[in-house]
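Chemist: Listed below, chain by chain, are the residues.
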Amino acid sequence: MALSARLLTLRHSPILLQLPPYLSALCILIGIAWLSILPLNEYSRQTYVSENAILPGQVHTYFGGSEHNVFRAYRQEVYQISQWSEEDRLAALGNVMQEIGLRVAAQPYRFTVAGEEVNGTNVYGLLQGPRADATEAMVLMAAWRNFEGKINYSGVALALTLARYFKRWSIWSKDIILLIPMDSTYGPEAWVSAYHSTTSEVTTTRNISSLPIKAGALQAAVALDYPVGPWGHRFDKLDILYDGINGALPNLDLLNTAVAVASGQMGIGCSIHGMLSHSDSYRDRLTTLAKGVVTQSAGQATGPHSAFVPYHVDAITLKTVGDGWHDEMSLGRTTESLFRSINNLLEHLHQSFFFYILLNANRFASIGNYLPAAMLLAGSFTVTALALWVQSGQVPVEPTAKIAGTGSEEQEPKLEVVKVGEDIALVPAATTKAAEREMLLPTAVVLAVHLAGFVPLYCLNSLHREYLPLALQAVTATSLILPAFTSTALTRQFKTSTQQIQIMQSFSLLLLGATLSTLATLNFSLAFVIGVLASPLSFIRPLPKATDLPFLRSANKQYLYNVDVAISFVSALLHAALSPPVVLCALCWYFGHDVEGVLVEMAKGWAAQGVYTSFVVWAVWWPAWVVGGIVMVSGAVGGAGRQ
Amino acid sequence: MEALTKVYRDQPKTVLFTAAAAIRILAALLFPALPDLLTLRAELSTPVNSFKRSETVQYRKVYSSMSEDSTHTMAAYSTSHACQAQATTAAFAVALAGHTSLHPVMLLPPIGLLCYDRVCVQSAEKGQTSETDGAIADSTKTNVAVDLRSQPQPLQFGLRFVATFICAEAFLFGFSRLILPSWRFIPSIYMTLLELPDLTPNAGLWWYFFIEMFDAFRSFFLGVFWLHMLSYSVPFCLRFQRQPLAAVVLMMGIIAVFEPYANAGDAGAWLSCLCLLGHLFELTSLHRYTFPAIATLLYSTLLGPAFHHLWIYAGSGNANFFYAITLVWSLALLILLTDTVYAALRDEWEAERPEGKGKEIRQM
Numbered sequence: 001m002a003l004s005a006r007l008l009t010l011r012h013s014p015i016l017l018q019l020p021p022y023l024s025a026l027c028i029l030i031g032i033a034w035l036s037i038l039p040l041n042e043y044s045r046q047t048y049v050s051e052n053a054i055l056p057g058q059v060h061t062y063f064g065g066s067e068h069n070v071f072r073a074y075r076q077e078v079y080q081i082s083q084w085s086e087e088d089r090l091a092a093l094g095n096v097m098q099e100i101g102l103r104v105a106a107q108p109y110r111f112t113v114a115g116e117e118v119n120g121t122n123v124y125g126l127l128q129g130p131r132a133d134a135t136e137a138m139v140l141m142a143a144w145r146n147f148e149g150k151i152n153y154s155g156v157a158l159a160l161t162l163a164r165y166f167k168r169w170s171i172w173s174k175d176i177i178l179l180i181p182m183d184s185t186y187g188p189e190a191w192v193s194a195y196h197s198t199t200s201e202v203t204t205t206r207n208i209s210s211l212p213i214k215a216g217a218l219q220a221a222v223a224l225d226y227p228v229g230p231w232g233h234r235f236d237k238l239d240i241l242y243d244g245i246n247g248a249l250p251n252l253d254l255l256n257t258a259v260a261v262a263s264g265q266m267g268i269g270c271s272i273h274g275m276l277s278h279s280d281s282y283r284d285r286l287t288t289l290a291k292g293v294v295t296q297s298a299g300q301a302t303g304p305h306s307a308f309v310p311y312h313v314d315a316i317t318l319k320t321v322g323d324g325w326h327d328e329m330s331l332g333r334t335t336e337s338l339f340r341s342i343n344n345l346l347e348h349l350h351q352s353f354f355f356y357i358l359l360n361a362n363r364f365a366s367i368g369n370y371l372p373a374a375m376l377l378a379g380s381f382t383v384t385a386l387a388l389w390v391q392s393g394q395v396p397v398e399p400t401a402k403i404a405g406t407g408s409e410e411q412e413p414k415l416e417v418v419k420v421g422e423d424i425a426l427v428p429a430a431t432t433k434a435a436e437r438e439m440l441l442p443t444a445v446v447l448a449v450h451l452a453g454f455v456p457l458y459c460l461n462s463l464h465r466e467y468l469p470l471a472l473q474a475v476t477a478t479s480l481i482l483p484a485f486t487s488t489a490l491t492r493q494f495k496t497s498t499q500q501i502q503i504m505q506s507f508s509l510l511l512l513g514a515t516l517s518t519l520a521t522l523n524f525s526l527a528f529v530i531g532v533l534a535s536p537l538s539f540i541r542p543l544p545k546a547t548d549l550p551f552l553r554s555a556n557k558q559y560l561y562n563v564d565v566a567i568s569f570v571s572a573l574l575h576a577a578l579s580p581p582v583v584l585c586a587l588c589w590y591f592g593h594d595v596e597g598v599l600v601e602m603a604k605g606w607a608a609q610g611v612y613t614s615f616v617v618w619a620v621w622w623p624a625w626v627v628g629g630i631v632m633v634s635g636a637v638g639g640a641g642r643q
Numbered sequence: 001m002e003a004l005t006k007v008y009r010d011q012p013k014t015v016l017f018t019a020a021a022a023i024r025i026l027a028a029l030l031f032p033a034l035p036d037l038l039t040l041r042a043e044l045s046t047p048v049n050s051f052k053r054s055e056t057v058q059y060r061k062v063y064s065s066m067s068e069d070s071t072h073t074m075a076a077y078s079t080s081h082a083c084q085a086q087a088t089t090a091a092f093a094v095a096l097a098g099h100t101s102l103h104p105v106m107l108l109p110p111i112g113l114l115c116y117d118r119v120c121v122q123s124a125e126k127g128q129t130s131e132t133d134g135a136i137a138d139s140t141k142t143n144v145a146v147d148l149r150s151q152p153q154p155l156q157f158g159l160r161f162v163a164t165f166i167c168a169e170a171f172l173f174g175f176s177r178l179i180l181p182s183w184r185f186i187p188s189i190y191m192t193l194l195e196l197p198d199l200t201p202n203a204g205l206w207w208y209f210f211i212e213m214f215d216a217f218r219s220f221f222l223g224v225f226w227l228h229m230l231s232y233s234v235p236f237c238l239r240f241q242r243q244p245l246a247a248v249v250l251m252m253g254i255i256a257v258f259e260p261y262a263n264a265g266d267a268g269a270w271l272s273c274l275c276l277l278g279h280l281f282e283l284t285s286l287h288r289y290t291f292p293a294i295a296t297l298l299y300s301t302l303l304g305p306a307f308h309h310l311w312i313y314a315g316s317g318n319a320n321f322f323y324a325i326t327l328v329w330s331l332a333l334l335i336l337l338t339d340t341v342y343a344a345l346r347d348e349w350e351a352e353r354p355e356g357k358g359k360e361i362r363q364m
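Just so you know, the sequences run in chain order W and D. One point on numbering: in the working numbering, the residue at position 575 of the first sequence is 575, and numbering is uninterrupted. One point on numbering: in the working numbering, the residue at position 343 of the second sequence is 343, and numbering is uninterrupted.
Do not take every clue at face value.
Unchecked claim - In silico EDC-like cross-links for lysine to aspartate or glutamate, where the CA-CA straight-line distance does not exceed 20 Å:
no.: 1; chain 1: D; residue 1: K357; chain 2: W; residue 2: E436
no.: 2; chain 1: D; residue 1: K359; chain 2: W; residue 2: E436
no.: 3; chain 1: W; residue 1: K167; chain 2: W; residue 2: E117
As the list claims (entries may be wrong) - Here are a few chain D residues that sit away from chain W, every Cβ distance over 10 Å (derived from the structure):
no.: 4; residue: K6
no.: 5; residue: Y8
no.: 6; residue: R9
no.: 7; residue: V15
no.: 8; residue: L16
no.: 9; residue: R24
no.: 10; residue: L26
no.: 11; residue: T164
no.: 12; residue: R177
no.: 13; residue: I179
no.: 14; residue: I186
no.: 15; residue: V224
no.: 16; residue: A264
no.: 17; residue: A269
no.: 18; residue: E350
Don't read these hints as lab results, they were simulated from the structure. Glycine included, each C-beta is placed from N, C-alpha and C at the ideal position.
The following block holds chain D by itself, in its conformation from the complex (with noise of 0.2 Å):
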């Protein structure tokens, strides 16, 4: 147990890099039937992730093998590199996402605030070290006056950062182009998303209501999904500018829960992103719901499945048994990030006003 632990401490990454690649491994040597069996899972597979529902649509097949894991990578991806002040990389990684599967393309907002965030404060620390010379050790512990002048300016940074995001989508246009026969790739990838053809059930809200809808307003509603999820993305930016990261964190959360093929895996990524905010866990479990809303993400999670089998397979149930359950997974969701967001806010609010710390909060 102790040599456990003091390995873990050496080398943290190492340790649960392995034990992640040897769970997956494990996993696949144990149970040889579980990709059969989580294919065909509603909750899990969605025509955007799924290798076996892809075939019908002849260049899914390419992007499909690689589209979920990668796009959850690129993100996180670009997220670390923007907090370590490259741009270029964040851009590029965030068009890598986009290209895979559309939405990542509103992290970018929210990844150039951050990615410009981390760049001022390094020239910050730059222009510091040169004008002190190193004489004071710890001068970032002491507030220091820092000149604006010096800072890049964020019009400029925020043409250059969209200009490489373009060129490296265009890039990666032209490099599909080379490996595929045709452009006939983008309306099959990006169609897919966008007119939502492929009304399997799943784990998001988009199937059901556009089951139920006439084909006459089908295009105005899909429009009105779309332009929903996107008003997010500059609320956000504006909002958290002093903690863009949270805008990141808080994006992801939206995608998971209003994307068209929602599926468990891209909320389970969320989940895992929720600890980039580490530091308001205190403050979520103190002040909002964050057990009750992971009871009943624990709910659903058996649930649905459960309603799923009643429906399709039993005969005893109907679609709005799984539907059901779905409302009430998002919902979970979203009281999570509400209460991130709260948490997120108030954590501004305590640096400003440190004598409110743990107060209740009234209205008056």
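Isolated chain W (complex conformation) (with noise of 0.2 Å):
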């Protein structure tokens, strides 16, 4: 017999039925595993800069000297204007510009978010470079407040005295625009989403004016974040913001070059995601990965940068963290030669990755070798999907003539006799015959419960802010209730038989594996998160009944009775535990965060960013825990399922 054949007799092999569940527990493990392994040295790599023309920390820098002097002339007066309204503020700011030689604009923009509205105004300028052609750019922002709310006064000080120095350079190949938005996340958002737009549409929940002057296609980004006040203070390290809007994140080789020309050239050590002291053990590495995966699956900005990323523009923010000896000259010369290299720029940033964690400021894992885990994840509801359909597709044989009280003759497998020809065989008899899917309550069942995922994120992105805690306890108490409410309405109502149960699950895994997976491309990090999450899912059974348990044939009515009331309980509690408001609000707990704050966070990227996070628990994850919670239900509720 061929192979292919001896493959073909297998699949109906029972082995073949039982197997999912470990394949798919097997998945979930290696793919959580996974993501351990990766701080080794063998499936990490040394960072380095792949773009040739970059060229880092190759110039020498000039930025010193009577510089200084500007800078802090600068500090002071951008303290003095602090102490300004805001409108006499901008008016000095743009004043400021103008003295420099840029060419000054500003664009007010209106952003509403929780029911609160947010007024602000980036001023901004324009620095023509000697050799640029008007077709590219790159920004030098400073907010004036920084991400934490603190104003940015050395930040935009030494963007302002920056400014002044590349004016008298001959060399930009490509103009440079100074942007001093007035907070780190709108005014960025509109200043960015209006660069790349045409026209200016108002909604319900932005208003952003047309910019009145652009340049060419921006090439890159840095923010600068040094919220020191006139008095000044030497810090310790840099540390470099990259992760964008809804985990995207900007070329590996913009952060390289940042990487090596602060320390390689300046000295100044750099680290990511606030992880001042790196050993560069695998424990602190792990760390740092953790951290990363945390931030880019929350999706959120992480600083004035954030922005720029989702309009392809490789963008990050250098923050000075902690107590040393480098001072605002440094950094601005680490700017100064930042810059340079971007300058030299053929083309876009297209050479290095788009898709790392890194380990370290430099150490980085490559796609190639972290994708997988958030692949197996998904992989894993799909394996139970394609197993739950075709078990729903047999059902079990009616046992033939079955006398009662006569338990020993069932303990027997039954045979049947075959023949072939001339060969007779005793084989098991089959336990199952193929049966007709009944798939349209399914499938309205899974969609209804898809639609109503709209719900809670329809409430928790679109409330004025002080109902929004009030909203996620509605939301949760309603979704602790709705498995249960469900699952005994179909079985009263519809009289949902086992398989419909089977191939109701089997879609709603199907569907959140694909989802997943399509997710794990765009944003590996909350596929991973969201994927170990729902990974219990795959292995909710509807409960079995006391009377149906083997070990149990013995025992009388009340003792039924309680076991089945304790199986209830307890599985209710895990199912509920991880719901995603629980959850939500056990993370928040953890990370000792406000609930209220982390809500209206989300709000606002939903409705100023287009962060998706909350579309992809309200939407992807939730339906798929509610479907799981009327399967689980409907063993209790179910009585005798109709077969």
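Could you fit the two chains together into a complex? Lean on the hints.
Modeler: Set out below in structure tokens:
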């Protein structure tokens, strides 16, 4: 017999039907274990600058000397105007830029997020590169308030000083845009979205004026975060922030260039995710990786640069951290050298990786090494979905002539005689037979639950911020009741069969698996985290009745009832603990965040920046969880399900 | 619920069309931005069906507004008329479909076959009823020998069918010339399909291949691709002589997968047409890979837009990402197609040998 024929006979083997849960569990275990081996030297690489044109740190930097005096003057000026009203301050910033010799413009914007209005104005100036043909530009950015809300005195002053200094050079082959947004989230978002659109459309959540001055395609953006007042403060390290909206990352070359310039040329240590002391041990690498995964999976902005990344503009924020001996001039020289490198680019950054996980400022794991982790997790759902589909097509054969009271008879495996030509064989009788699947009800339920997911999504993203915690409580309560309620309704009203329940779960898991594997290509970390949190859904089966358990056959009724209640209670508790709202609250508690603050951040991300994390939570994970609950409860309320 | 079921049982067509129209109108009213969004999707919008993209080509404008939907409608209409043994209207509908987008012409042989098949059945029934004068009411149920001499001649029928098609096509060209100022619409419509000037990514297999192609080989491979698609039409007719409807539906599948500007709409229309072969579903799902193939379609439906986004907008992917997914998409469609071929052949075989029902096939 040919191999293919042997394989074909294998597909009716009962072992094949027993296998999927173990296969699924194996996928999940390997998937999770996969991330833990990434920090090893064998599975990660030293970063390297891939683009030849960049030449990081190859130029001598001249920022220094009298520029220091200019910087101090600007810092004093910035401190002065920080005392003024917003209107005067914007005018003053505009004036300073005008004096430097930039073409200055302002862009007012308004966002409506969580029932609150956010107004602000971006001030920016264009330095036309002496050798530029207005087709390419780079952005130097210093938000007036940094991401923590502190006034970015030294950052803004340094950006102004650098602009004044850059203006004197004749080497710029790209225009330089100096951007001072009023805050670190809305301002950059308003500016970069207006920069890339031809019309300014007013919607309910945003009203952004178009930009009066534009230059060419943005090649890179660098933001400075140095919130130190006129008294000055020496810093220890540069923390490089690189996460964009929805986990999009800037090209690794930009990061490498920044690290190479700062640590190689200027001797400033670089850190990632605020890991100030990084001993490059396995533990520290794993911590950095975990922090990266958490930040990326949140998908929220991490700094003023985040808004740029989805527009295919590579952007980073240089944030000063710690107490050390580096001063503003070192940061200035770093920025100068970084801009010189970007200025060297002949084409948009494309050589290096766009998908990576950093383990250290100079060590990374590339997509080929880490993607299988999320894909295995997503695959575990697909495996179970396929298995359930196959199972749903086979119903057990009705036992023929079963005599009550003769328990011993059932233990023997049923055999039947098969006669092929001359040969006669005794083989185990088939215990299942093919059945037609009833798919309408399962499809309708899965669809309805997915549509229902839009209710919490809408509520949590459009209500006023003071009602958000209340809305979350309502969603939590409803979520916990919904599966039991739906399941009871389905079993009582529609008399759902075991087969329909299997098909329902199969469809739900199939959709979850497909969505997560798609998501893994867009935002690996989010897919991974949701995959881990949802992984128990593969193993949910209708709750067994105590009467069906073989080892309880001789127990009395009251005892069986107690066992039923105990099983239901424990599984309901476990299931509730895995529900999206409960996990959300638990995560807030673990990371020490205020629930309301997190909800506002999510609403802000959704409304202003198009962060789709909440969509994934409520329209992908939540429905799968609800269907899991329906499946689980169906065993307890169903009584004898119709076969 | 019960009232709904009752209404549906009484007037299925009315309910179906009302529901379809309601969904269409609701979608337009609730999501006014939808048409703009959809025309931007690479999987759906191609130069052949997109109104927006056709603005550069003068005459396509007139056609594109009606082309895509009407092609499907006409193909279905033609099939339905062929099933009623109405050769003239069937040929005219094929001509109309082929007039707006070339490849439905490949449906001509299977549809002609289907039509001939029905004509034979009808004439046989007529002969029987005239012979027996309705004495035996259930004569159709028993197998009665059919007088082959009374059947229409295949060659004669074929010639008449093709002649009808040519006349209809000629009429349509004349009519088009009447409403349009010149004959230039002919190259602008058919050359777009034949020469593939627009290589914008779509769900098909052609664009990537012809992007990579050296210009010297372009016309050669255009010929190869078109011949490849053409080459299925007649073999299907020969092999599925006894099931002409299967030949029509399979040819539609071939077109949906291999046409130059493939899109999700054509694939969807074909998948709906698979319902015409509903009696084969049991065989395909029992012996073949329907569920994995449909799961693969689901995967590629989700991954396709994601990879297109990564390539075109995010800039972090490249053309190979999207092309890989169009390959997977086509592969899944082809698996469905081959499964249908298997099921149709197996059905034919089981009709001959009922004892083989439900048994595994082994190579001896």
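Chemist: Each of the hints needs a verdict: does it hold here or not?
Modeler: Going through the hints against the structure:
Taking the CA atoms of K357/D and E436/W, the gap is near 17 Å; set against the 20 Å cutoff, the hint holds. The straight-line distance between the Cα atoms of K359/D and E436/W is roughly 18 Å, inside the 20 Å bound, and the hint therefore holds. Between K167/W and E117/W, the direct Cα distance comes to roughly 37 Å. Violation of the 20 Å bound is thereby established for this hinted pair. Its beta-carbon lying about 17 Å from the closest one in chain W, K6/D satisfies the requirement of being farther than 10 Å from that chain.
Listed as outside the interface, Y8/D is consistent with that label: its C-beta sits roughly 12 Å from the nearest C-beta of chain W, beyond the 10 Å cut-off. With a least CB separation of 15 Å from chain W, R9/D remains clear of the 10 Å interface cut-off, as annotated. No beta-carbon of chain W is positioned within 10 Å of the beta-carbon of V15/D; the least distance is around 15 Å. L16/D, annotated as away from the interface, keeps every beta carbon of chain W farther than 10 Å; the closest lies near 15 Å.
No Cβ of chain W approaches the Cβ of R24/D within 10 Å, the least distance being about 19 Å, so the stated non-interface status holds. The beta carbon of L26/D is kept farther than 10 Å from every beta carbon of chain W, the shortest such distance being approximately 14 Å. No beta-carbon of chain W is positioned within 10 Å of the beta-carbon of T164/D; the least distance is around 42 Å. Taking the minimum C-beta to C-beta distance to chain W, about 40 Å, the non-interface status of R177/D holds against the 10 Å cut.
With a minimum CB-CB distance of about 36 Å to chain W, I179/D clears the 10 Å threshold, and the non-interface call stands. The beta carbon of I186/D is kept farther than 10 Å from every beta carbon of chain W, the shortest such distance being approximately 37 Å. Consistency note on V224/D: stated as away from chain W, and its beta-carbon is indeed over 10 Å from all of that chain's, at 31 Å minimum. Every CB of chain W lies more than 10 Å from the CB of A264/D, the least distance being 16 Å, so the non-interface label holds.
For A269/D, the shortest C-beta to C-beta distance to chain W comes to about 21 Å, beyond the 10 Å cut-off, and the non-interface label holds. Listed as outside the interface, E350/D is consistent with that label: its C-beta sits roughly 16 Å from the nearest C-beta of chain W, beyond the 10 Å cut-off.
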